[in-house]
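**Student:** Sequence order for the protein chains is A and B. One rule links them: number in this note's numbering = place in the first sequence (from 1) + 3. One rule links them: number in this note's numbering = place in the second sequence (from 1) + 419.
Hints in this document: simulated from the structure, not taken from any laboratory. It is possible that part of the hints are untrue.
To be verified - With a straight-line Cα cutoff of 25 Å, these simulated DSS-like cross-link-like pairs (lysine-lysine) come out:
id : chain 1 : residue 1 : chain 2 : residue 2
1  : A       : K65       : A       : K101
2  : A       : K65       : A       : K111
3  : A       : K101      : A       : K111
4  : A       : K65       : A       : K122
5  : B       : K472      : A       : K111
6  : B       : K472      : A       : K101
Letter by letter, the chains look like this.
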Amino acid sequence: MPDPEAANVPRWALRGPFRSVALAAALAIGAGGFAACGPAGGNDRWVTTENTNVDINWDAVKEAYLAAEGPEDLERRVNEIYEGDEIISVSVRDQDEKTQVVTGFFDKNTDGQVGEDEKIFSIQRDVVSPESAQVQMQGYGHYSYYHSPVWDIATGMMLGSMMSRAFMPSYRPLYAQPYTTSPARVSAISTQRSSYRAANPQRFAKRSSSGRSYGSKGGGFGGRSSTPTRRSGGGRFGLGDRGKRQRVRLSA
Amino acid sequence: MAAITSIAEIPLEEREPLALLGFVEGRVEPDLDYYGFGWARLAAIDLVDRTGKIERVERPLLLALHSADDGDPYPDDVDLEFWLDDDDDTAIVAPLSAFLASRRPLLAGAPAIVLALCNPHRARLRRPAGVDAPIYHALGDVLATFDLPEGSPYRAERGRLRLEADAWRTIPGAAR
């Protein structure tokens, strides 16, 4: 029997950047003030939770959203930011023509749906005029004490098409039917992120949630050690590019 | 090279582990176009799944092979693809089950077998006849990584070899 987890076949695919015309916009912070804050430190841009030791750079997540060309590009960006072992799935939902809600979550039960206890963060974008919008982020679960300021988005800065599309005169919400990371995509996202981490070893020196680390592994060689470690990438074990090769099939 | 007309004729050579897994000293990025294959005996290798869970396999026989990414889907088999010669534009495609059956003498004495092989259709593999060791295989893509302490010689036994995949499975029926 095929594996029941395989609703679709995960494939490695190198996706070229899908870049549409980006609007020039400016990011002005704080016009809306701070949202109600939770415990002390709730507005820290870096948050380290008690239970996971995994940092999320909220500023980077916000920038990822503003720069994303679409939901899959956002998945890639967010998972490159996240330093833990889990894969962050993304749900993008247009509530109406003005409001979009992006939810990051750990799809623990691999059902491709956002469970309340799986949420990590949400980003709400509200278009407030033909040339401006507001964006606000909130953490959930271990990150529930994070509430961002309300950021005003206005002309003057490059935005990815996911954001800039909302300012187009012809804009129609694309995600009234929500986009959600398919469980079948998780493998490809994980592979892409491994490549990214291997190419950026200096960034992944911090401990991850499982105690593994990226770039400074200590105790993996039979004992505890503070010896810095380099990670390098090897091969992938599938052949995707047929090129000009002529294939000969053998059965015995 | 003489034309290969049967699966048993496909050359499968023992190779140095790092080279077998596509590592090149000084290169950090993965080689997504790697097409080398062969086998090696390792002291250990870590199999890492998407949740970060690590299973260490001791003293495995490692078979590094390549799936045909656009191969036909089978519930219990994988189409392998072999690029035999960089100057030759021919690729050989063969089912994994038949390939493993043709390598029984190599597999039979191994304490454990790890397949470094993408499994794009997430097939649940069948055990080859006459092989009773645990056989580990992936679901989804497989990528090799290698952690090496700074300043150590670039040798497999001085670092930690890992294979990362969405999930890992063992073929049922292992006798040990």
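**Student:** Does the structure break any of the earlier hints, and which numbers would those be?
**Tutor:** Numbers 3, 6 - these are the hints that the structure violates, sorted from lowest upward.
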